[in-house]
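Going line by line, the protein sequences match chains G and D.
If you're matching positions, the first sequence starts at -15 in my numbering and goes up one per residue.
If you're matching positions, the second sequence starts at 553 in my numbering and goes up one per residue.
Think of the hints as simulated: they come from the structure by calculation, not from any bench.
Here the structure is a predicted model, which means the values were calculated and not measured.
Note that the Cβ used here is the ideal one computed from N, Cα and C, for glycine as well.
Take the hints with a grain of salt, since some may be wrong.
Stated by the list, open to error - Selected chain G positions facing chain D (in silico; Cβ < 10 Å):
#	residue
1	S5
2	M26
3	G38
4	V84
5	A157
6	N202
7	G213
8	N244
Stated by the list, open to error - Below, in silico cross-link-like pairs of lysine-lysine (DSS-like), each with a Cα-Cα straight-line distance of 27 Å or less:
#	chain 1	residue 1	chain 2	residue 2
9	G	K347	G	K431
10	D	K639	G	K347
11	D	K643	G	K347
12	D	K613	G	K431
13	G	K141	G	K271
14	G	K397	G	K271
15	G	K141	G	K320
16	G	K347	G	K241
17	G	K381	G	K347
18	G	K320	D	K639
19	G	K431	G	K442
20	G	K347	G	K442
21	D	K643	G	K320
22	G	K381	G	K320
23	G	K347	G	K397
24	G	K320	G	K431
25	G	K381	G	K431
26	D	K639	G	K431
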Amino acid sequence: MNIDLIIQPIYLISAILFILSLLWMGHPSTARRGVFAGIVAMLAAIGGTLFEPGMNYTWIAIPVVIGCVLGVPLAMVPLTAVPQRTALSHAFGGLAAGLVGASEYYLSQATAHHSLSGFEIGALVAEVILGFLTFTGSLMAAGKLMEWIPTRPITYKGQNAMNLSLLGVALLAGVLLVIFPTWWFLFPIIILLALAFGVLLIIPIGGADMPTVIALLNSYAGLSAVAMGFVLDNKLLIAAGALDGSSGLILSIIMCKAMNRSFTNVLFGAFGQVQASSGAVEQRTVKSATAEDAAQIMSAARSVVIIPGYGMAVAQAQHRVRELFDELGREGVDVKFAIHPVAGRMPGHMNVLLAEAEIPYDKLIEMEEINPDMPETDVALIIGANDVINPAARHDKSSPIFGMPIIDADKAKTVFVIKRSMNPGFAGIENELFYGDNTLMLFGDAKAMLTGIVQALKE
Amino acid sequence: MGNLVLMASVFAASFVIGYLLISRVPPRLHTPLMSMTNAISAVTILGGILLFSVETTVAQKILGALAIALAAFNVVGGFSITDRMLKMFHKKEPPSS
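Based on the sequences and whatever the hints tell you, model everything.
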């Protein structure tokens, strides 16, 4: 009997389950079912593949066990570390695809009857380029997120020209390899160029653009799986890879829109290098307040909107935020959270941190929904957010963030900003909100300041 | 050639289905979504497994085994961290607090 009659139906079931898993991911109430469907789909995919004749099960079982044993502890990281963990997984996924591609290539070199068609070589080249550039690019992104590498964009003259020509040379080498399959020496060159391109691609990108970049690397990892599917004539790889590829692409487009920036601008714009005109601003003074003042004003308020940013994640202050939420709730204050799409270091970062602190998700309101309510809001409390609440985005055409949709925190009757010092935020842009008449600065560590406010509320 | 058209169709259809489904996912689920699609992209484990259905040299076996280990890492890690995050999403106050 043809073994394909067993394998292909299993693959079909697996593909349908992968699609269902994304369908169920569309709502929090069904999302866990989605994960279950994804796991079953993956087990079916692996199980079906094991029916292929001539399998060497020992060589397969050992690395599976090793991967599983190492994978479990890395899933237990604190949720503040999820962005770097995700970046690290993208690196592993890219490397896996690249290694399979390299192995396939040398296999075809060694055995004459296994020689590849021009199309297959082209797909193989796409697979290794995407795989290896995802590998080094994601490692760089993880390094920036862990602050092992400077998070500020690093730029130099001719950078974009160099990066693009590097990619151009890699693609050219790939084309040559398709035309002249015997020029096997081109293959390692392509790999090296892809590895170098991944590094150079991330160097000029700053930490605040990480949500877009992580999503884009996610997409590349999926597309390298698609290319692998074309090489191996495996339609399940193509289907699952395409789902992942489109997911990463959509997320990065959403992130770009949330910053009012184009793809090219994120990848080649080196955001944060631009120094905003700050001369006029320097003369102004800010008003600062104490935790007790903040507690008094907030307990007298009817409505408080909390706007979290990356600073909340860095200070690991989400549990203190929860205490403040409880305490204000007890005093009858209506507390909501305003979530900007690019707050934090990956899409949805703030939602996960606040969910960890057991804040009900119907209290987390998206930017478009909360903005009309801001003028009616008594207090806006900003915790570690900066650019996403900078009113310059609305009116200052010279500001690098002009046109970016922001949360209208400045329209609240009173604005509190928890901030370590007056240093400008990540993008190096002055924030006029801090100088507003209705703004009170709460200088200090977010965790300590929130503890102080909660303490004062209890008294 | 027919097979190539079929593969291209599978790609196009999956990409469109992915596009339609992902567009519906609310922003609050974007982080779990990404860690889940990360696990799904580890379907590249199939490529590693298929290397062991043919005669290979020891060097190729090691590359393949490494690829399988990395992909298995992503499958296990990706799905479990996704589930861990989703467990935390509550609509109402948890009764314990």
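A quick look at each hint next to the structure:
1. S5: holds (7 Å)
2. M26: Hint holds; G:M26 Cβ to chain D Cβ min 6 Å, cut 10 Å.
3. G38: Cβ of G:G38 sits 5 Å from chain D, so the hint holds.
4. V84: holds (4 Å)
5. A157: The hint is violated - G:A157 has no Cβ within 10 Å of chain D, the shortest such distance being about 21 Å.
6. N202: Because about 6 Å separates G:N202 from the closest Cβ in chain D, which is inside the 10 Å limit, the hint holds.
7. G213: holds (7 Å)
8. N244: Nearest chain D Cβ about 16 Å off; hint violated.
9. G:K347 <-> G:K431: holds (21 Å)
10. D:K639 <-> G:K347: Distance of about 17 Å is within 27 Å: holds.
11. D:K643 <-> G:K347: holds (9 Å)
12. D:K613 <-> G:K431: With a Cα-Cα distance of about 51 Å, the restraint between D:K613 and G:K431 is violated, given a limit of 27 Å.
13. G:K141 <-> G:K271: violated (41 Å)
14. G:K397 <-> G:K271: Satisfied, since the Cα-Cα distance of roughly 15 Å is no more than 27 Å.
15. G:K141 <-> G:K320: With a Cα-Cα distance of about 46 Å, the restraint between G:K141 and G:K320 is violated, given a limit of 27 Å.
16. G:K347 <-> G:K241: This hinted pair holds, its Cα atoms lying about 24 Å apart.
17. G:K381 <-> G:K347: Given that 27 Å is the threshold and the Cα spacing comes to 34 Å, the pair is violated.
18. G:K320 <-> D:K639: holds (21 Å)
19. G:K431 <-> G:K442: At roughly 17 Å apart (the allowed maximum being 27 Å), G:K442 and G:K431 satisfy the hint.
20. G:K347 <-> G:K442: holds (22 Å)
21. D:K643 <-> G:K320: holds (13 Å)
22. G:K381 <-> G:K320: violated (31 Å)
23. G:K347 <-> G:K397: holds (20 Å)
24. G:K320 <-> G:K431: The given pair, whose Cα atoms are some 19 Å apart, holds under the 27 Å limit.
25. G:K381 <-> G:K431: Judged against 27 Å, a Cα distance of about 35 Å means the pair is violated.
26. D:K639 <-> G:K431: holds (25 Å)
Taken one by one, the earlier hints fail for this structure at numbers 5, 8, 12, 13, 15, 17, 22 and 25, listed in ascending order.
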